[in-house]
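> With chain A held as given, fit chain B onto it using these hints.
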Amino acid sequence: MKTDDLIELLAKDSVPRRFRSVLAWAVASGIIIAAIVFSVAIGFRPDISEAVKSGRFLFKFVVTVSLAVTAIWVTLSVGRPDGRLAHRGLALATAPALLACAAVLELLVLPESQWTNHLVGHNSRLCLTLIPLLSIGPLACLIVALRAGAPSSPGVAGAVAGLAASGIAATFYAANCTDDSALFVMTWYPMAILIVTTAGYLVGRKVLKW
Amino acid sequence: MAGDAGAYRQLLASLAPRIRAVARSRCRSVGAPESDVEDLVQEVLLTIHLKRGTWDQSRPIGPWVAAITRNRLIDVLRRRGRHIVVPIEDVMNSLQAEDRTPELTTRDIESLLGRLKPQQKEIVRSICLNGGSIRETAIRLQMTEGAVRVTLHRALKALAIFYRNSARED
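Those protein sequence lines, which keep their order, are chains A and B. Here this note's numbering runs 421 ahead of the position in the first sequence, where the first position is 1. Here this note's numbering runs 418 ahead of the position in the second sequence, where the first position is 1.
Just so you know, the hints here were simulated from the structure itself, not pulled from any lab data.
What the simulated footprint calls covered on chain A by chain B, stretch by stretch (three residues with Cβ under 8 Å from a Cβ of chain B suffice, anywhere in the stretch; the number is not a length):
#	region
1	423-434
2	489-502
3	563-571
Beta carbons: idealized from backbone N, C-alpha and C, even for Gly.
Next up, chain A with everything else stripped away, as it sits in the complex (with noise of 0.2 Å):
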């Protein structure tokens, strides 16, 4: 075959779905896949109807929500082949980022004597296992995505995927845990985002390659 008649042949062929298109897809699913975990599996903590008025509370959702839309936001630029981490990677700095101000806060206010009861909380074990599960859905329909993708690193590509999945399990997982203070929040959700993020290095590393 000469390289014209390969040209003649692509040029038949059908127009395929944008990436930016097939991400979003990817994102919805995911969400609604981990909703349905939630709402079957764990649910709303006992007293949410009270909680919803405590800042404390509220301000998780600040911190969770920030990081998997910058995530997904950056996996929309490392998915493509001229992307680099580099372009939008500082993004990601806005969860911490908003997180750290929060624990300084609730150092100043808190008695020094209450800091390591809310450091480790009530309900860490819950945490380390609750979000990576709820994480596998989002990550599963996000490395598909990728997939249609063409990441110039793969592993990176899946990181990031990684990250941006463990932002939408810990949005659910912040509805059900009681812990609220951002001492607890930044000592055992980095940990269980963390360990999504290495799976999603480790998966994206096998199985992104083009």
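Positioned in the frame of chain A, the structure of chain B alone reads:
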């Protein structure tokens, strides 16, 4: 790329000589035979085709093409057991330069085509060799146009995989 087949064909046709220039200089610098060049060009074109959904239309196409070209070249030449580094600037620069030498014939594309499923092969031949449109091919093979499109797309994906495997066997 947004659905105008004529414009898309022109784009690929204008990219081919540039990619060929890069592939040739790359093959020379690693000592790969000249016969590999056209295989590389076709593999890059196929990848551009299959991954064209990842081009962000708000950005220039040059860096995107260069990134894909670079990725495929590194991958292919690495599989041939040579350690190479292709700086992106080289690819960008070479992509600017036009390569005017006439086309080479490909080494084993016929055998690659031979490995397609019979129906895929028939559709590829019908469109390639006879220059038939999707509709003509559909009528001739008594298939729906949709089925022809699906088969063609699968054949192209299969071809991309064959290219890779054949590079690995080398």
